[in-house]
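Visitor: Sequence:
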Amino acid sequence: MHARRSLDALWDSAPPDGPSFDPGSLAALPEPVRRYLTHAIAPGTPLASAVRLRMHGEFRMKGWWPFTAEQVIRWDGEMLWRATISMHGLPVTGFDCVSSGKGAMQWKLFGIFPVATASGPDVTRSAIGRIVGETVWLPSLLRHEDVTWTSPDPSHVCAAFSLLNEKTNLFLTVGETGRLEQVRYKRWGNPEGHAFHYADFGGVIEQESTFNGYTLPTRMRVGWHFGTERFETEGEFFRVTIDEAIFHT
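Going by the numbering used here, the sequence shown opens with residue 1, and the numbers climb by one from there.
Derived by calculation from the structure, the hints in this document are not laboratory data.
Please read all numbers here as calculations on a predicted model, not as lab measurements.
Hints may be right or wrong, so weigh each one.
Stated by the list, open to error - DSS-like, lysine-lysine: derived pairs with alpha carbons at most 27 Å apart:
id, residue 1, residue 2
1, LYS186, LYS167
2, LYS167, LYS108
3, LYS62, LYS186
4, LYS167, LYS102
5, LYS167, LYS62
Said to hold, decoys possible - Distance ranges between label pairs, derived from CB positions:
id, residue 1, residue 2, range
6, PHE196, HIS144, 25 to 35 Å
7, HIS197, GLY44, 35 to 45 Å
8, GLU229, GLY44, 17 to 27 Å
9, THR177, SER25, 32 to 42 Å
10, PRO114, PRO19, 16 to 26 Å
Where a beta carbon is used, it is the ideal one built from N, C-alpha and C, also for glycine.
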């Protein structure tokens, strides 16, 4: 896979965008949901079908290693994350993706020597789960008519929807201004290194920024066992800062 060409192709072939965002369309939703969505999307902003991100951060794999990456996420479930991870000063390059409904990953030292390759139903389901959490970077996806919203209290909302036939309940903690504070849900994976299963997954949002009418989390700490003590000790594996977000309009 030629990463740059694939990113460009995924971006250029994104589905048509939706109409402009109208806060009045949220009238039937619970107040905390309206508070979040009107904070995340400015009135009149086109409901983008894709977002292209540039980011940096740290990835944990027997230690914390710095990375830089680009990513395209589309609301039809297509995704490509292309990164370079520096391990002991050596570049490991590769990608995680969902393409035509199937997940895959491939990583190589110096872009030549294989380090990790995986595909198959478990990888696909886990990769779709990744996109579920990253809808906070493409909040227009959460305005689809098939998303069902509930709110148990003024600080928490739940978006129930299906992405590539994977049903999920995405729980968001929302501040008084509508700012996202936490994300959590059940993701398919094998955090203990054994059989795949649904496990607690999520992250803490430490910073946000606005890009062309969208206000997004731009600094996050993410991992398994979210909501338990195990998140801090063993579950957290991804610390990311979003440097740029461009929306398909």
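Visitor: Of all the hints numbered above, which does this structure not satisfy? Sort the numbers upward.
Guide: Hint check: 2, 5, 8, 9 and 10 fail, others pass.
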